[in-house]
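Residue numbers (the working numbering), protein chains in the order written: chain A, 26 to 298; chain B, 26 to 298.
For the record, the hints were derived by calculation from the structure and aren't laboratory data. Worth double-checking, as some hints may not be accurate.
Said to hold, decoys possible - Think about it this way: if two alpha-carbon atoms lie no more than 30 Å apart in a straight line, the pair counts; the simulated DSS-like pairs of lysine-lysine are: (1) A:227 - B:281; (2) A:281 - A:227; (3) B:281 - A:281.
Claimed, not checked - In silico negatives: residues of chain A with every beta carbon more than 10 Å from chain B: (4) 66; (5) 72; (6) 101; (7) 143; (8) 147; (9) 206; (10) 210; (11) 216; (12) 241; (13) 244; (14) 258; (15) 269.
In this text, all values refer to a predicted model and were calculated from it rather than measured experimentally. Cβ coordinates follow ideal geometry from the N, Cα and C atoms, glycine included.
Number of protein chains: 2
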Amino acid sequence: MTPPEGVRETFFVSDSTGITAETLGSALLANFPGVTFRRHTIPFVDTPEGARRVVADIQRSSREGADPIVFTTVKSATIVRELSLSGAVVIDLLGGHLRELEAALGSTASEQLGQYHGVGDIERYFARMRAVEYAIEHDDGQSMRALDIADVIIVAPSRCGKTPTTMYLALQYGLLVANYPLTDDDFPSDGLPSTVARFAAKCFGLTTTPLRLSQVRHERRPSSTYSSLAQCTLELRRAEDLYRRNRVPFLNSSTKSVEEMSAVIMQSMRLRA
Amino acid sequence: MTPPEGVRETFFVSDSTGITAETLGSALLANFPGVTFRRHTIPFVDTPEGARRVVADIQRSSREGADPIVFTTVKSATIVRELSLSGAVVIDLLGGHLRELEAALGSTASEQLGQYHGVGDIERYFARMRAVEYAIEHDDGQSMRALDIADVIIVAPSRCGKTPTTMYLALQYGLLVANYPLTDDDFPSDGLPSTVARFAAKCFGLTTTPLRLSQVRHERRPSSTYSSLAQCTLELRRAEDLYRRNRVPFLNSSTKSVEEMSAVIMQSMRLRA
Numbered sequence: 026m027t028p029p030e031g032v033r034e035t036f037f038v039s040d041s042t043g044i045t046a047e048t049l050g051s052a053l054l055a056n057f058p059g060v061t062f063r064r065h066t067i068p069f070v071d072t073p074e075g076a077r078r079v080v081a082d083i084q085r086s087s088r089e090g091a092d093p094i095v096f097t098t099v100k101s102a103t104i105v106r107e108l109s110l111s112g113a114v115v116i117d118l119l120g121g122h123l124r125e126l127e128a129a130l131g132s133t134a135s136e137q138l139g140q141y142h143g144v145g146d147i148e149r150y151f152a153r154m155r156a157v158e159y160a161i162e163h164d165d166g167q168s169m170r171a172l173d174i175a176d177v178i179i180v181a182p183s184r185c186g187k188t189p190t191t192m193y194l195a196l197q198y199g200l201l202v203a204n205y206p207l208t209d210d211d212f213p214s215d216g217l218p219s220t221v222a223r224f225a226a227k228c229f230g231l232t233t234t235p236l237r238l239s240q241v242r243h244e245r246r247p248s249s250t251y252s253s254l255a256q257c258t259l260e261l262r263r264a265e266d267l268y269r270r271n272r273v274p275f276l277n278s279s280t281k282s283v284e285e286m287s288a289v290i291m292q293s294m295r296l297r298a
Numbered sequence: 026m027t028p029p030e031g032v033r034e035t036f037f038v039s040d041s042t043g044i045t046a047e048t049l050g051s052a053l054l055a056n057f058p059g060v061t062f063r064r065h066t067i068p069f070v071d072t073p074e075g076a077r078r079v080v081a082d083i084q085r086s087s088r089e090g091a092d093p094i095v096f097t098t099v100k101s102a103t104i105v106r107e108l109s110l111s112g113a114v115v116i117d118l119l120g121g122h123l124r125e126l127e128a129a130l131g132s133t134a135s136e137q138l139g140q141y142h143g144v145g146d147i148e149r150y151f152a153r154m155r156a157v158e159y160a161i162e163h164d165d166g167q168s169m170r171a172l173d174i175a176d177v178i179i180v181a182p183s184r185c186g187k188t189p190t191t192m193y194l195a196l197q198y199g200l201l202v203a204n205y206p207l208t209d210d211d212f213p214s215d216g217l218p219s220t221v222a223r224f225a226a227k228c229f230g231l232t233t234t235p236l237r238l239s240q241v242r243h244e245r246r247p248s249s250t251y252s253s254l255a256q257c258t259l260e261l262r263r264a265e266d267l268y269r270r271n272r273v274p275f276l277n278s279s280t281k282s283v284e285e286m287s288a289v290i291m292q293s294m295r296l297r298a
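Given the sequences, and given the hints that come with them, work out the whole structure.
Structural data, given as C-alpha cells:
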C-alpha cells in the first residue's frame, strides 16, 4: 500500500493502554497543521517479541513513503531500542526525562513491571476524559458515529434521566456510554429505532412515573402537549412495551439516584470499570 | 532557609496553568520513591522578565541544598534558556520533542502566542480531573481539608441533589465544589454549621419538596423516620430558615435537572468556567 502523498504514518506505542502516548503525541502533532498524519495506536507492547511485531507493522507502512513517526511511553529501554530498528523516528516521551532525572538525583528509577510508576494515574485521567467526550458526542442521539464501540446505549423518552446517568458512568467508570431519545416517531413500529436496532444487546431502557415526567417536562415547556400528563402516560407506556418486546432491560428512574441507576445498569449489562 | 536534609526543591514552570507540567513531572518523580520533593508550581511565565523572577526564586531555594529540579512546558526557547541559567536541572517536557519532530518533518512548528497548539486540551483534561478529584474528596462533608480554595460549597439535607450537582459543576466547568450535609444536629443553632460558617459567602443551599424527598429517602431506608414525610417536612423547613437567616442563596431541586441547577448556581455565585 502506497500512502497518499503528504501523509505521515504515525504510531503510538505503549506498554499500557496507549492513551498517554496518543494524547501527548497528538498535542505535539497539532503544532504542524500543514502535515496530515495517519494514526495507529498499539497498546500493551511489553515484550521484545511484541516490539518486533510492531517493527514489522511500521516497516510495512513505510515502504513507499517518508519515515514513519513513533511516539512511545514504553518504559523498557530494550523495547525502545527494538522500536528504533524500524527506521522510524522514535520519540521517547518519558524515558529520556527519566534518564535526566536519574542523573540529577544520582539514583536509579525503581523498577516495577517495566512500567512507570505514576503514569497509571495519567492513563486513568485520559481514559475517563475520553469516555466523557464520547458521552458528550453521543448524548441524546446527536451522533451515531461510534455506536459500535459503546459499552451501553441508554434509550428512553425525553427527560427520564438519560444524560446524568450517562455522564456518571463515563466519569466514574470510564465506560463508553451513548444515549438515544425515544420519540413518538419510534412507536408505530414494534422494533427498536433503526439506528440502535443492530446494537439491541447493548441497549438499556429508562422509564419513570407519568406524574414525575410531567413535572420535569413542565419546567422546560409549561402547559404544552409535551408536558401534559396524558402525553407522558402514553409515551412511558409505549416505551415500556418497546423494552419488553425487544428484551431490553430497563428500570424506573423516578426514585433512584444517579449512583443507584448506574450500579443497576452495570450489574445488568455485566459491565466493569 | 536551609532545606531539610534530603529534600529536593522541585519547580513546575509553565506559560499556562502549570497543570500539565505538574502532572507529567509528578508521574516521573513517582519513579523515585526514596527521594522527598518539595513542589512549587509557577504558572503563566511567558516573558523573559517573568523567567528571570523565577530564576531568582529557584536560586534562593537552592542556596544550601542540592541543585533544584525544574520541569517546564514553556514553549519559548528563550524562556527555557533563561531558566537554565538558574543552575537547576531543567527538564523540558515538550520542547525537545518538538525539535525532534521539526527535524523529522522538515518543517517548523507553527508559532502562536509562544504556546503549544493542542496542549490546551491536555491542560483542560487535567484541570477537570483535578476538580472531580476535589469534588470526590469533599463530597458529603467527608473532608474539610481545602474548603478555603472551594469555588462554591453546596449545603442541603441528605438526598436533595448535592452530589450530582457537585460532580456536574466539577466535570463540565472545572470548578472546585465541596458539599456539606445539613443534619438535625445543625438546627438548634441559628447559624451555619461551624465547619462552613466562615465560608458563608461561598455557600449555596438546595431544598426540595417534602413528598419528593420522602420518596427518594424511602428507596434508601424504607419505612424509617429518616424517610417519613413528617421528618422530611421538618428538615426542609429548618434548612430553608437557615438559608434565609444566613443569606445563603438556594433553589428547589425537585423539578430541575442537574444541568439547570448548575446553571443557576453559577449565575447566582458569579462563577465562570
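A quick look at each hint next to the structure:
1. With a C-alpha separation of about 29 Å, the suggested pair residue 227 of chain A and residue 281 of chain B falls inside the 30 Å cut-off, and the hint holds.
2. Restraint check for residue 281 of chain A and residue 227 of chain A: satisfied, since their Cα atoms lie roughly 21 Å apart, inside the 30 Å limit.
3. Note on residue 281 of chain B and residue 281 of chain A: the hinted pairing holds, with a Cα-Cα distance of about 15 Å set against a maximum of 30 Å.
4. Every CB of chain B lies more than 10 Å from the CB of residue 66 of chain A, the least distance being 17 Å, so the non-interface label holds.
5. Residue placement check: residue 72 of chain A keeps its beta carbon more than 10 Å from all beta carbons of chain B (closest about 21 Å).
6. With a least beta-carbon separation of about 13 Å from chain B, residue 101 of chain A lies farther than 10 Å from that chain, consistent with its non-interface assignment.
7. For residue 143 of chain A, the non-interface assignment is contradicted: its Cβ lies about 3 Å from the closest Cβ of chain B, within the 10 Å cut-off.
8. For residue 147 of chain A, the condition that its CB be more than 10 Å from all CB atoms of chain B is violated, with the nearest at approximately 5 Å.
9. With a closest Cβ-Cβ approach of about 14 Å to chain B, residue 206 of chain A is found to remain outside the 10 Å limit, as its non-interface label requires.
10. In this structure residue 210 of chain A is separated from chain B by more than 10 Å, as the shortest Cβ-Cβ distance comes to about 23 Å.
11. Distance to chain B confirms residue 216 of chain A as a non-interface residue, since its nearest Cβ pair spans about 30 Å, more than 10 Å.
12. Chain B draws residue 241 of chain A into its interface by the beta-carbon criterion, the shortest separation being 6 Å against a cut-off of 10 Å.
13. The claim that residue 244 of chain A is not at the interface with chain B is violated, since a C-beta of that chain comes within 10 Å of its own (minimum 5 Å).
14. The Cβ of residue 258 of chain A sits about 18 Å from the closest Cβ of chain B, beyond the 10 Å cut-off, so the non-interface label holds.
15. Non-interface call for residue 269 of chain A relative to chain B: holds, since the shortest CB-CB distance, roughly 23 Å, exceeds 10 Å.
Hint violations for this structure: numbers 7, 8, 12 and 13, all remaining hints satisfied.
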